[in-house]
Amino acid sequence: ETGVTQSPTHLIKTRGQQVTLRCSSQSGHNTVSWYQQALGQGPQFIFQYYREEENGRGNFPPRFSGLQFPNYSSELNVNALELDDSALYLCASSSWGSGNTIYFGEGSWLTVV
Amino acid sequence: AQSVTQPDIHITVSEGASLELRCNYSYGATPYLFWYVQSPGQGLQLLLKYFSGDTLVQGIKGFEAEFKRSQSSFNLRKPSVHWSDAAEYFCAVGAPYNNNDMRFGAGTRLTVKP
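Chain order of the listed sequences is F and E. In this text, residue positions in the first sequence follow the working numbering: the first is 926, and each later residue adds one. In this text, residue positions in the second sequence follow the working numbering: the first is 57, and each later residue adds one.
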């Protein structure tokens, strides 16, 4: 039990649609990152939010966007869904800085058809 | 930029045998290194981490890893594998300013034979 909760756990969308995934961070954590894990691959860093501002981004197009709220919960939004967006999306929360433990949620499985 | 290579895609060992999973990293400064395990359909569980100090790191479930700067490696070991260890294992390197920005390897799938 990591204290990081993601919703929904599974969902199916049609190509071209938009999706919002949600993450509730562990209490006291001010940093959240999102990762995409395609089948058979390692997680890929999408972006990171610290105190409601995007603070670091991986190699993902602008149709991947996010929000972090004052209570440090977070959303990942993906517009104009493509088939290749089908993946497990993982949320990770921590306190800002090095040496801190990072906690992952169980993930949201997105299937684009 | 930091990166991680896990040379072995799939490893099979017999229950009770020893295990070593390889990880090589690329990073210019002192790396922050992690090993995670993922069971099918599950999220990531942290096995152990290295930030500084003793290069032999002990983790959960009887795992350990050794940081070797000269070889840019952070290999995971376990002296005696249990059937429940069958899973996917990921090595990761974290950014120095904030470890929540991590780069993962492609993973090594471990199969345990009875």
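Everything labelled a hint here was simulated from the structure, so no lab data went into it. Note that this is a predicted model, so its numbers are computed, not measured. All C-beta atoms, glycine included, are put in the ideal place defined by N, C-alpha and C. It cannot be assumed that every hint is accurate.
Quick list of simulated restraints, FRET-style, between CB atoms [unchecked claim]:
1. F:P995 to E:T167: 42 to 48 Å
2. E:S82 to F:T939: 36 to 42 Å
3. E:G84 to F:N1002: 45 to 51 Å
4. E:G72 to F:N1002: 23 to 29 Å
5. E:R133 to F:Q942: 24 to 30 Å
6. F:Q942 to E:P170: 21 to 27 Å
*Violated hints - listed by number, lowest first*: Hints 3, 4, 5, 6 are the ones this structure does not satisfy, whereas the remaining hints hold.
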